[in-house]
Each structure stands twice: as structure tokens, then as C-alpha cells.
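A.B. asks: Chains as they are written, first to last, in the numbering used here: chain A, 1 to 278; chain B, 1 to 126.
A few of these clues could be false.
What the hints assert, rightly or not - Once the Cα atoms are required to be at most 25 Å apart in a straight line, the calculated PhoX-like pairs of lysine-lysine come out as:
| no. | chain 1 | residue 1 | chain 2 | residue 2 |
| --- | --- | --- | --- | --- |
| 1 | B | Lys118 | A | Lys203 |
| 2 | B | Lys38 | B | Lys62 |
| 3 | A | Lys203 | B | Lys120 |
Unchecked claim - Output of the computed footprint for chain B on chain A, the stretches with three or more beta carbons under 8 Å from beta carbons of chain B:
| no. | stretch |
| --- | --- |
| 4 | 40 to 52 |
| 5 | 178 to 187 |
| 6 | 209 to 218 |
Hints listed in this document are in silico derivations from the structure and should not be mistaken for laboratory results.
Predicted model, so just to flag it, every value in this text is computed and none were measured.
For each residue, glycine too, the CB sits at the ideal point set by N, CA and C.
For reference, the chains in residue letters:
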Amino acid sequence: MARLVGGICTSHIPAIGNAIARGLEDDAYWRPFFAGYPPVRAWLERTRPDAAVVVYNDHGLNFFLDNLPTFAIGAAREYQNADEGWGLPTLPPYPGDPELSWHVIESLVADEFDVATCQEMRVDHAFTVPQALLWGHARVVKTVPVAVNTVQHPLPTPARCYKLGRALGRAIASYPRDLRVVVIATGGLSHQLDGERAGFINKEFDLMCLEKIVSDPEALTRYSIRELVRLAGTQGVEVIMWLVMRGAMSARVRELHRHYHIPVSNTAAGLLLLENAA
Amino acid sequence: MAASHATVDELPGAHSDDIPGTYIFDGKLAAKGYALNKMCYSFNDAANRAEFVRDEDAYCDKFGLSEEQRDAVRRRDVLALLAAGGNVYYLAKFLGIFGLGVQDLGAQQTGMTLEAFKAKLEAAAH
């Protein structure tokens, strides 16, 4: 049977991808951010997951407003990024795992999560940047992309995202193949790109989220989206992806690593690595 | 090319009165901004960006932008683009054509210099 070996949450700012492409990891601006990642890479070296379920939000690459699913799951053999309009480098494709994808889809729909399914899906920086941070250009895991709408309100509530995670955890646990799976949630923490409040960051709230994701995720599920926008910024709502990851894990988890750094571009960057407690 | 939509005023409120300087991109704004966002979405494609640069007006015509949207596009004015129904993720693809990144957008919207905006972000660490 498949086993969930751990959960990782990380920010996904596009500038990180550019910094990696330009070899700026040791630059004074970037060093404090990249310093957070070696322990997670070392854990991945030890744990060697076979597959990654990547929970992220598309920023208008694959989905437009003509047809915008709340939750969408990729079921393709591979996933390609694109330049997203800013000339980002085109990367080697990310291998998919259609069999695992369809199992997850079957299981989620049976569990009353009626997700959209994508046999073609372009993946944006929210999918690629975290994997570049964790594995560089190596393609050592097969991937299942799970896209959550954070473009157009109404967004799924934090409580709903947590429940999706619970269902995702059941889907992984019921997969009959012997597979080691890591769930990666991308996005956050506090930031706001648009409006006169652009540049809003809320360190106190972020630190509380990092604490509660580990010890009491249900406390975070009691926020409304509007409250999250107020407290974390219009894009800080991306913490709902972290709740999907946390929902997939056991009630009790061990925190193996935590990192927090302000700022990367306009964003407070967060990182967590969790394992299920026995 | 743009679909027709309900009158904006018939839809529930969009501007988030209780969070200053913050716009909730909901059905009301998404309906108002559909043509503008559709144009910006097309800029995922380099060929479309080149076509826009060759003849902005013709490209705006193709997507049926309103006068308010065309004016905001001409001025590269982020707050005006948001008021015209633009969503920041699509707008970023439009503004990227001119080499403007999210920190330039932040500086413009807050009326700060880029250096002052970056300093404000650094200060949030303390």
C-alpha cells in the first residue's frame, strides 16, 4: 500500500526561480532565504519519496475565467511549464503518474469532492519553483498536481480545504501500490500584490499560522476567506493550500523543520517539514 | 469576442469596504473585467505580446475593451486597471511586457519609489 511519508509547505515566489536560474543563492539578499532549504533536501535524500502530490494555485496560466474550477487534478503523463508572460525559462517537463492521479480522483469523488480533471495541464511557478528548491532540475518523483482556485472569489473556505486534505490523505492511504508519497503545499505566507495596501505583510499572523498548522490546524479552519485577506493579504490566502497538506497528515505530526524569512520580493516566505507522529 | 454579462450594478458588492486598499476579485469585478483579463491572459503567448506591441489599439479592439479599460491600459495605471475589473495575476502578464515586476506594481500603487517600497517590505521583518 502507498504511504504518506511527509508533508512540506513552502512559498513559491517566481523571483526564487529567477534567483536559482541566475545562481544567486549566496547573494546577500537571497542567502537567508535559501538557508532554510538544506535540511528539507537532506530529508528528501533520506526518505526518497516516489511521488509528490503538489497542491498549488494557478496564477492564470492553465485556467482562465471562462472555465475556472475550484479544485482541479492533473491526470497527465507529464506537465510542462511556460514563460507565463514574463519570459520565465521553459523547464524540462515534470513526469506525471496517471494511475495515481485517477486513483486520487476516484477516491475524492467517492468521498464527495467533485474535482475537475485535467489530461492536459500547464503548470506555473507555484508548481515548479518549490520543486526547483527541493530537487533542482532533477526529475526524481512523479507528480500529481492539485490546483486550488485563489484567483476569483468565492474561494474555497479554509475548512473546506482542510477537509479536502483529509480526503486526499484517505486517497493516498488506499492506493494499492507500494509507493512513498510526499504532499507538497505551495504558497503564502502573508503578502498582497494589489491595491493601495500592496506590500502588506503580517509577521505575527504568519508565526501564529506556522505554529497552528502543526499543533492545531482546526483553529485556522475557523477563519473566513475575508478574514484571511484582512490578516494575511489578498495573496496571503494561499495558506489554504497548507491546510490541504495538513489535512492529509495524521491528527498528530512531528515538526522536523521550520523556516521563515521576510521578505522575498513582496512576500513573507515560510517553510515547514512534517512527518506523521506514530 | 468578449461575452456579454449582467450589468455590474446587478451583482453583489465587490469592493471590500472593510479592508482599506484591498479589492476582492469576485463575480462583480470578474464580470466587469472579463475582456481586459482575457486580453491579458492572451499574453501568456509571446506571439500575442508581440502583436500587442505592434498595434496596441488594434489589439484592444480585438478583445472589445471598454473605454475605461483602454484608458487604464494606455496609462499602465495599476489602480485604474484594478478598478476596471483587472485581476492582478492577468495584469502582471500585461505589465511584464514593459518589464514591470510585482515590486514595481507595489511602488506604483502605493505612490512610493521602488526603493522606499522595498524598504517598507524589509521593515516588516522587525
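A.B. asks: If a hint holds in the structure, say so; if it does not, say that too.
C.D. replies: To see whether the hints hold, each was checked on the structure:
1. B:Lys118 to A:Lys203: holds (16 Å)
2. B:Lys38 to B:Lys62: Holds: lysine 38 (chain B) and lysine 62 (chain B) sit about 11 Å apart, inside 25 Å.
3. A:Lys203 to B:Lys120: holds (13 Å)
4. 40 to 52: As far as the stretch 40 to 52 of chain A goes, the hint is violated, because 0 residues have Cβ atoms under 8 Å from chain B.
5. 178 to 187: Per the Cβ count (0), the hint is violated.
6. 209 to 218: Violated - the stretch 209 to 218 of chain A has 0 residues with a Cβ nearer than 8 Å to chain B, which falls short of three.
Checked against the numbered hints above, the structure violates hints 4, 5, 6; every other hint is satisfied.
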